[in-house]
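Take the sequences, apply the hints, and build the full model.
Which chain is which? The protein sequence lines are U and E, in order.
Note that the numbering used here has the first sequence beginning at 1, numbered continuously upward.
Note that the numbering used here has the second sequence beginning at 1, numbered continuously upward.
In case anyone wonders, no lab produced these hints; they're calculated from the structure.
Hints may contain errors.
Claimed, not checked - Just some of the chain E residues that point at chain U, by a computed CB distance under 10 Å:
id : residue
1  : I130
2  : V144
3  : L148
4  : L208
5  : R222
6  : I237
7  : L264
8  : I283
9  : I369
10 : L387
Ideal placement from N, C-alpha and C gives every residue a C-beta, glycine not left out.
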Amino acid sequence: MSDIKTNGPVLAADGTPLKRSLARALRVEKTRALMLIAPLLIFVLISFIIPIVSMLFRSVDNRIVEDTMPYTVAALKTWDASSGALPDEPVYAALARDMKAAAEKKEHTRIGGRLNYEESGFSSLFRKTGRAAKKFDLDSGEPFKAKLIDIHKDWGKIETWKIMQTHSVDYTNGYFLNAVDMKRTPDGAQMQDDDKRVLLKLFGRTMWMSLVITGMCILLGYPVAWILANLPARQANLLMILVLLPFWTSLLVRTSAWKVMLQQQGVINDVLVWLGFIADDSRLIIINNATGTIIAMTHILLPFMILPMYSVMQTIQPSYLRAAKSLGATNWTAFWRVYFPQSIPGIGAGSILVFILAIGYYITPEIVGGNKGVFISNRIAYHISTSLNWGLAAALGSILLAAVLILYWAYDKIVGIDNVKLG
Amino acid sequence: MAALTPISRKPFWLVALMVGGFGAFFGLFIGTSNGSGITGAIVGAALMVGLAWAYINLLKNEPVGRGITFAAFGIAGFAAGGLPTAILGALIGALGGWLIYWAYEGRYRAYLAPYLTWQQVLWHFGFRTICGVIFVFLITPILVVLPLSFNAQNFFTFTPEMLRFDPAGYSLKHYQDFFSNNEWQRSFKNSLIIAPIATIISVTLGTLAAIGLSQSHVPGRRAIMAILISPMIVPLIISATGMFFFYSQIGNWMEGSLGLDKNLVGYIKVVLAHAVLGIPFVIITVTATLVGFDRSLTRAAANMGADPVTTFFRVQMPLILPGVISGGLFAFITSFDEVVVVLFVGSASQKTLPWQMFTGLREQISPTILAVATILVVISIALLTTLEFLRRRSERLRGMSPS
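Structure follows, in structure tokens:
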């Protein structure tokens, strides 16, 4: 364009400056792209992101206490727990008032259940008090302190009131503390009693077992990926079916297959007994424990390791290995110094993928894991559907999610989300 | 593959070593099952070495030698334990006969580079054996399920009748149970209702968004991509927990304010939840297809007067269709296979097939589960074949030679 001499700005065909015209075209293009994406983005935001965020919020949300017992919470604010004395009559009167209101709305069991997560005994305390509270006459002016203590002696214990005060905040870290085997007490965060410490161990076990599964997958996946990448295409495609068929088979089919294989009267034990390697009365116990979970999950997640490794190994030139050997390297040196470093991205991608999938697994540990082989996700499911301690479930979920997101970020750095391939 | 190395006959001690090892290995198993492993190994090794010596020095006729081994081992197996051991014996015999000549003629060398040392040759075959074992590990669980689903007993194990290939040990009763049992049929029907609708939603929205994402200027592409892929990354149990709380509120609202039927609301919840889970797969496959899409085609269409909608349906869609269909298949299998989310979001009337299997596995009721598993394996083989076909077609359309 240097040979065209113009004094003003470059004009488009319709006379507007070219710059503005281009900017408009770009804007139109951007808008069109966003319009195409918008429906899905809104759909995912509403039906996936918002539910997850609201679940995260649930892990700190403690408004139930103040919503159900507004007067007691307000009255307790002035009480000094360290004084060693029981609260005064106004607090008891407020409690009586809240209890009556809650009992009429049938909410007293919910709040009792909420506080019961912190200290057992609250559930029965509130149920008993609530039953009596329906008959309270709030305007009679009689002292509620004696009356309440008479209904349940726990109202005369200072510990009860301390717990009520500690857990009367709107937003609590209590669930998160519970999730790491600690508890919220009047004197700050403290470790849970020894017999209640299960969750840290469970987190540790989840991590450890996921690591073992990832390690097993690397060990078993590497040779397979290597041979798939180095065989002639026709044979490699045939063998690939053996990898893809398990990958495509329903998770429950594979899990039930492992149940059939691993049972005490199952295929593996039967074959071993038939061959005489073990006696009939000393069959191996390889189901309903950690071994069962590790075997089954290694099998289930192995394709997720093989496929990324394979796609990386395919790009490694075989001539590099030959060059190394012709320069005098032994087989091992050629592999270790030339081939292996180039295949590390595949190992990294596969490992992170397998690890992310493993720490969130639920179905397989639930079926073949028994008590000793379950993961943190099974605990979450337990708290959602059985113990109904949803706040704790949400806190456990948040910790798990944080771990996964960090790994996901690492995966993005190493592999890039755009490079995820399927099948 | 053409032979790389001229082959030559090997000395007898090498043949003896190989076939002796083979004999000892299988002898060990037969020996342990009959009392003494060591005796079995020694007898097996001696038998194989003797056979090899006889074939090489006396018989000198390969087809006859292999035939004799095959038949003799088969008959010996039959004498020992009927049909199953006969088949096992014949297999071992066929393998052994082949091995003797493979080793003696030096055929194992033919396809390897001539300069390899013997250690490298050994490693070559050792490595292949290891890989073979891993492939067996991958495929065995699936293969074990298939025959067990025809079990005539209500057991999860092989009965003696089955091992004898006695027809009385096999039956189709678990399949019959699956097709006649109300519970299974209802869950199967639910799966067939939920999965296709969820797939249609995720494919429609996902394809549109993938086309949007593949435009050259998209503000915040990485962030959008991360959000859209997140349902695949977030552990299912967390998605399920979040959706459990959220959809129960939505469900109450739909029942309360919109006055919808409780059952219908249940289906809507599960379908929406599954549609979200399928979206990442559609996005990934369709964007991958669009990377190879030639943009000048849409410009050419526009040039000839086609409006964007016509361009999309007449030019772009047919070309990216394989990608869309494979994305749809992924979304379908995700929904069809999904159990955690439906367990939390759905109610008993939305029980899907995986859910029914899950309860069955926990309570261990009947091998009907294995019949269902077999049906599902057949379905996944069909899907896998379709997908492979589509991949080849897509590569052909894009002018690549299918590999």
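* Answer holds if the nearest beta-carbon of chain U is closer than 10 Å to that of L387/E; otherwise answer violated. => holds, 6 Å
* Against chain U, is I283/E within 10 Å by beta-carbon distance? -> holds, 8 Å
* Evaluation of the interface hint that places L148/E against chain U, nearest CB under 10 Å -> Holds - the Cβ of L148/E comes within 10 Å of chain U, reaching about 6 Å at its closest.
* **Interface hint status, L208/E versus chain U (Cβ within 10 Å)** => For L208/E, the interface hint holds, since the closest Cβ of chain U sits about 5 Å away, which is under 10 Å.
* Agreement of hint R222/E with chain U interface, Cβ distance less than 10 Å -> holds, 8 Å
* To do: For the hint on V144/E, just tell me whether its beta-carbon gets within less than 10 Å of chain U.
  => Holds - the Cβ of V144/E comes within 10 Å of chain U, reaching about 6 Å at its closest.
* Asked: With a cut-off of 10 Å, does the beta carbon of I369/E approach a beta carbon of chain U closely enough for the hint to hold?
  -> Since the shortest Cβ distance to chain U is 5 Å, the answer is holds.
* Asked: Given L264/E was flagged as interface, is its beta-carbon under 10 Å from a beta-carbon of chain U?
  -> Status violated, d = 17 Å.
* **Restraint outcome when I130/E is required to lie within 10 Å of chain U by C-beta distance** => holds, 6 Å
* Asked: Can we keep the I237/E interface hint, with Cβ of chain U closer than 10 Å?
  -> holds, 4 Å
Consistency note: the structure conflicts with earlier hint 7 alone.
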